[in-house]
Every structure is written in C-alpha cells, then in structure tokens.
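**Student:** Quick note, the sequences are listed as chains A and B, same order. Under the numbering used here, the first residue of the first sequence carries the number 1, and numbering increases by one thereafter. Under the numbering used here, the first residue of the second sequence carries the number 115, and numbering increases by one thereafter.
One should not assume that every hint holds.
DEER-style ranges, computed between Cβ atoms [what the hints assert, rightly or not]:
{"id": "1", "chain 1": "A", "residue 1": "K27", "chain 2": "B", "residue 2": "Y153", "range": "22 to 30 Å"}
{"id": "2", "chain 1": "B", "residue 1": "S222", "chain 2": "A", "residue 2": "G85", "range": "20 to 28 Å"}
{"id": "3", "chain 1": "A", "residue 1": "E63", "chain 2": "B", "residue 2": "A115", "range": "35 to 43 Å"}
{"id": "4", "chain 1": "A", "residue 1": "G28", "chain 2": "B", "residue 2": "Q159", "range": "13 to 21 Å"}
{"id": "5", "chain 1": "A", "residue 1": "T112", "chain 2": "B", "residue 2": "S140", "range": "32 to 40 Å"}
The hints are simulated quantities; they were obtained by calculation from the structure and are not laboratory data. None of these values were measured; they are calculated from a predicted model. All residues carry an ideal CB built from backbone N, CA and C; glycine is no exception.
In case you want the letters, here they are:
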Amino acid sequence: NAGVMQNPRHLVRRRGQEARLRCSPMKGHSHVYWYRQLPEEGLKFMVYLQKENIIDESGMPKERFSAEFPKEGPSILRIQQVVRGDSAAYFCASSSNRMNTEAFFGQGTRLTVV
Amino acid sequence: AQSVTQLGSHVSVSEGALVLLRCNYSSSVPPYLFWYVQYPNQGLQLLLKYTTGATLVKGINGFEAEFKKSETSFHLTKPSAHMSDAAEYFCAVSLNTGNQFYFGTGTSLTVIP
Numbered sequence: 001n002a003g004v005m006q007n008p009r010h011l012v013r014r015r016g017q018e019a020r021l022r023c024s025p026m027k028g029h030s031h032v033y034w035y036r037q038l039p040e041e042g043l044k045f046m047v048y049l050q051k052e053n054i055i056d057e058s059g060m061p062k063e064r065f066s067a068e069f070p071k072e073g074p075s076i077l078r079i080q081q082v083v084r085g086d087s088a089a090y091f092c093a094s095s096s097n098r099m100n101t102e103a104f105f106g107q108g109t110r111l112t113v114v
Numbered sequence: 115a116q117s118v119t120q121l122g123s124h125v126s127v128s129e130g131a132l133v134l135l136r137c138n139y140s141s142s143v144p145p146y147l148f149w150y151v152q153y154p155n156q157g158l159q160l161l162l163k164y165t166t167g168a169t170l171v172k173g174i175n176g177f178e179a180e181f182k183k184s185e186t187s188f189h190l191t192k193p194s195a196h197m198s199d200a201a202e203y204f205c206a207v208s209l210n211t212g213n214q215f216y217f218g219t220g221t222s223l224t225v226i227p
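Just chain A, with the same shape it has in the complex (with noise of 0.2 Å):
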C-alpha cells in the first residue's frame, strides 16, 4: 500500500511563474491536507480538502494561491505568479476522516523561486 506520494520532490520557478505541486493520497483516504513549512519554522496549515470540495481554507493566502481535489485524479496545489516569499517546502497528508487522530504526511515539495 503505497504512501501520499507528492510530486515533484523539487521544484524550481523563476519569479512570475505558475507552481503546480501534486498530492495523490492513500489508496481509500478521501481527506487530503496541504501544510507549508518555511525554512526553521513547523508546518503551517493551508486547505483541507474533501473529494471535489473545499472544506477549510483559512490558513491559505487570499490570492496566487488555490487548491483542487477532483473526482478523479490527484490533489493540486496551485500558485501563480510566484514570488521568493513562496520558496518553502509543501506537504501533503492524507487521512480516511477528518484529521484529528491521523494523518500521513507525504515526502514533500520543496519549492524554490529563483
């Protein structure tokens, strides 16, 4: 049983670029999460997401940045028009319901903006 498998593992966008980070969950876990950690800090959460819908979105940024999980297909974490600001490591976790017993964190997308 496979992990959260992000991908990429890197990435590298110059200023003004689109950032397309993905996130497939546990085989069965229909709850997917996204965290940023900036550099010395812990995990911040962003959007919590359920099959085709947004649950909670209060720790995401109010513009650049948005978030699907479709019917079909993986997790997307979407940011546009990146800035150095966003050069972080995004992780992904995954859980069979609402996170507050468990939660699997994928390996993560380290995101630089160069």
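Since chain A is already given, all that's left is putting chain B on it; use the hints.
**Tutor:** Just chain B, lined up with the frame of chain A:
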C-alpha cells in the same frame, strides 16, 4: 486558540544518554497530541500519539511520551540516544472538533558520538 510550544530549538545529547524533548500546549478543550520525526529532506513520520486512555504512550524506535494535563505537557523521552535519532522533532495537537493539526516550531536533535 490552540498553540504548541517546543522549548529548545536545538538539543544535543551524547550517544547513550537520555533524550528529553519538551512540548507544552495551549488548548481550550482536551486535545489529541502527537510527536512526529522528520529526517533531512523527508516527510513527517509519526512517532506516537495520545488520543484517549493511558497517559503514557509508547511509540516507535524506543520513544515514549506522557500526557500531563495539569502541566499541559507532552514531553518526548528516550532512555538511550542512538546516532540514528538525529533529526527534527515536531510536537502537534489537534482537536476533536477541528480540521487541522497545530505544530510546534520543532526541535533539532543532535547526537554526539
């Protein structure tokens, strides 16, 4: 509001010595508590968790943690450090009614041979 405080961003211990990583939380309701380990350029791996029941929780790799409600703490311990324990450790809390984990800022553990 929920918050997690990890005292000591860097901890160094000698190989074979006791490991103690501190975690205190603030929560308006009884939380669920977690410790995760992160190796360089890797994701987070669950070490142990407390949800209900016995307050002393045993996890993988010889780690354990005790939930102390009166002290709002969930410190992580291991009797004897191994070189392979060198990593970043994160404490986290969640709530029964919530949608997310709240993470501390992490403690980097160095094991000295």
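**Student:** Against the range 13 to 21 Å, how does the distance between the Cβ atoms of G28 of chain A and Q159 of chain B compare: consistent or not?
**Tutor:** holds (20 Å)
**Student:** Indicate whether the distance between the beta carbons of S222 of chain B and G85 of chain A respects the range 20 to 28 Å.
**Tutor:** Hint holds: Cβ distance 23 Å, inside 20 to 28 Å.
**Student:** Within 35 to 43 Å or not, the Cβ separation of E63 of chain A and A115 of chain B?
**Tutor:** violated (25 Å)
**Student:** For the range 32 to 40 Å, tell me whether the beta carbons of T112 of chain A and S140 of chain B fit it or not.
**Tutor:** Hint holds: Cβ distance 34 Å, inside 32 to 40 Å.
**Student:** Is 22 to 30 Å respected by the C-beta to C-beta distance linking K27 of chain A and Y153 of chain B?
**Tutor:** Distance hint for K27 of chain A, Y153 of chain B holds at roughly 24 Å.
Checked against the numbered hints above, the structure violates only hint 3.
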